[in-house]
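Can you make the complete structure from the sequences, with help from the hints?
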Amino acid sequence: MPMPTRHALRLAPLTLALALAGCANLPGGSTFSVKTGELPPPPTGRQWPDAERDARNQRAAQMGLVSMPDMQAYLNGLLGRIKEAAGVPDWPGRVYITALPALDAQSTGAGNIYLSIGWLQSAESEDEIVAILSHEFGHVYLDYHQLESANATTDQVATLAAVGVALAQKAGSAAGWSPVDSVIASYTLGKDVLIPAWSRQQEENADRFGATVSLRLGYSYTQGFKAFLERQATWEADNATLQEASRKRMVEQVKQAAAQDTRKQAAAKGNTIAPLTEMQASLSAGMAGAGEDLRNGLDDFWKKLTVSHPSTEARLTSLTAQVTPLMAGKPRPAATTAPWDKARAQRRSAATLKNYQAVNAAQQALQAQDFAQARKLAAQGASGPTAQHALPLLTLSLAQGESGKPGARASALLDRNLQSEGDRAWQIYVLRANTLLGAGQRGPATTVMNQGFDYFKDAALAWPEAIRFYGQADSWDRARKLAQECGSRFPTHASACSKAAQSPAEQAEAKRRGEQKAQSLVDKLFKK
Numbered sequence: 001m002p003m004p005t006r007h008a009l010r011l012a013p014l015t016l017a018l019a020l021a022g023c024a025n026l027p028g029g030s031t032f033s034v035k036t037g038e039l040p041p042p043p044t045g046r047q048w049p050d051a052e053r054d055a056r057n058q059r060a061a062q063m064g065l066v067s068m069p070d071m072q073a074y075l076n077g078l079l080g081r082i083k084e085a086a087g088v089p090d091w092p093g094r095v096y097i098t099a100l101p102a103l104d105a106q107s108t109g110a111g112n113i114y115l116s117i118g119w120l121q122s123a124e125s126e127d128e129i130v131a132i133l134s135h136e137f138g139h140v141y142l143d144y145h146q147l148e149s150a151n152a153t154t155d156q157v158a159t160l161a162a163v164g165v166a167l168a169q170k171a172g173s174a175a176g177w178s179p180v181d182s183v184i185a186s187y188t189l190g191k192d193v194l195i196p197a198w199s200r201q202q203e204e205n206a207d208r209f210g211a212t213v214s215l216r217l218g219y220s221y222t223q224g225f226k227a228f229l230e231r232q233a234t235w236e237a238d239n240a241t242l243q244e245a246s247r248k249r250m251v252e253q254v255k256q257a258a259a260q261d262t263r264k265q266a267a268a269k270g271n272t273i274a275p276l277t278e279m280q281a282s283l284s285a286g287m288a289g290a291g292e293d294l295r296n297g298l299d300d301f302w303k304k305l306t307v308s309h310p311s312t313e314a315r316l317t318s319l320t321a322q323v324t325p326l327m328a329g330k331p332r333p334a335a336t337t338a339p340w341d342k343a344r345a346q347r348r349s350a351a352t353l354k355n356y357q358a359v360n361a362a363q364q365a366l367q368a369q370d371f372a373q374a375r376k377l378a379a380q381g382a383s384g385p386t387a388q389h390a391l392p393l394l395t396l397s398l399a400q401g402e403s404g405k406p407g408a409r410a411s412a413l414l415d416r417n418l419q420s421e422g423d424r425a426w427q428i429y430v431l432r433a434n435t436l437l438g439a440g441q442r443g444p445a446t447t448v449m450n451q452g453f454d455y456f457k458d459a460a461l462a463w464p465e466a467i468r469f470y471g472q473a474d475s476w477d478r479a480r481k482l483a484q485e486c487g488s489r490f491p492t493h494a495s496a497c498s499k500a501a502q503s504p505a506e507q508a509e510a511k512r513r514g515e516q517k518a519q520s521l522v523d524k525l526f527k528k
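Just so we're aligned: 262 in the numbering used here is position 262 of the sequence shown, and the numbers increase by one with no gaps anywhere.
What the hints contain is simulated information worked out from the structure, not anything from laboratory work.
It cannot be assumed that every hint is accurate.
What the hints assert, rightly or not - Once the Cα atoms are required to be at most 30 Å apart in a straight line, the calculated DSS-like pairs of lysine-lysine come out as:
1) Lys342 - Lys330
2) Lys481 - Lys511
3) Lys481 - Lys499
4) Lys499 - Lys457
5) Lys376 - Lys354
6) Lys330 - Lys35
7) Lys499 - Lys511
8) Lys354 - Lys226
9) Lys342 - Lys354
10) Lys330 - Lys354
11) Lys226 - Lys342
12) Lys35 - Lys342
13) Lys481 - Lys457
14) Lys226 - Lys330
Here's what the structure looks like:
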């Protein structure tokens, strides 16, 4: 194992103090652990966010939600059985399907579970689907979302004050550095130290909860949780290979750009500098675009010093060790495949799954610049039950132009999504409005944005994009007023809304100050 750098050693006492101060405040306590085969009592005094508003907020993310009524009825039936087995049949929340091809699932504090269409295309049994749903419901049952809320609303300022003071002492003489920056920096570092450590316990506890419920319902561990985690691990490994190749290309580009920029600045001052180390270059480049709060740069630097999310293989090993004694001497149930096969074979559900596979193939054809094939596949994707879905229509619109860029005819396709009450997606409104604005059609662009924002006004994720649009199309004064309203209604999105309301001049000034602070912090961190 390599020895830690002196920069890590400088910050190690802060990490230890932070961990000791923060553990006691975590939900369930720092040593809280679910035992497989037993269910802890549900947390009391729950405050449930509005589930419908939560779903609309999710529709404002990425390409919205996929309407699959028959499949959703089936999945919600399974979720109902999970709630019954957990002893909380009346808890709120439903299952929704996202357009992501990845093996992705998440739950929210409102009790909703969002399952990707990628899982519906990949899972092979009801046992596996119940494993995914029961794991996600474990996060809801154990009330882990309160930690996210606490971080977003209070920033754990008291817990992280010591880190802020230490950073202020190290960077206090840096030009433009303020006490506010110290607090922001302490929050950023603290969140990255605390949350990964807690996420390990979160994921393992949710696994144990889910396995307990799954076994109580009579499902196979081998065909359920084991298959679920093995499939996820395989997907993560394959995806990691692609991501690593992209990351290496990006890091090299960033490193070269940072080094070139730094040398240009030095040459302008008549100075000469030694070659930058890889960490110095990537840190400087990452922080250069981070803005006033230095968040991106600090995140990039701190991830070099802290642990990452636990591996799926480790979760599987840990869970199997706990489940094996519970299955000793008992018959192993066979996989429950008939209900799952029937649910996927239902006419509308089967057509939807097939069409989204065609959309994925069309996107690959677009990347290969095979527009004829992309148009053929995308046309299939945007037909039948998915004729008004956001992702198929967006893919078809991109395939219409020779260069893969949406033209007038292609953009009109997107209106089909906006005209469908159950399928409209916020990102389509944003794309349509900005395309019209870029073409000089401010009136029609504003009309489209007004319609979309009226519909998605209760979705926090919609506000930053709307604010940015109104700043460009109307006035930055209006954008700033909207940002204030956003901060009042959605405190967790106040920073994003405030940044969206910055005029080009303000963005340039923020970038200049960010670069100045970045260089000051780099000088401090790497001072010999």
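**Item:** Contradicted hints - numbers only
**Value:** 10, 12
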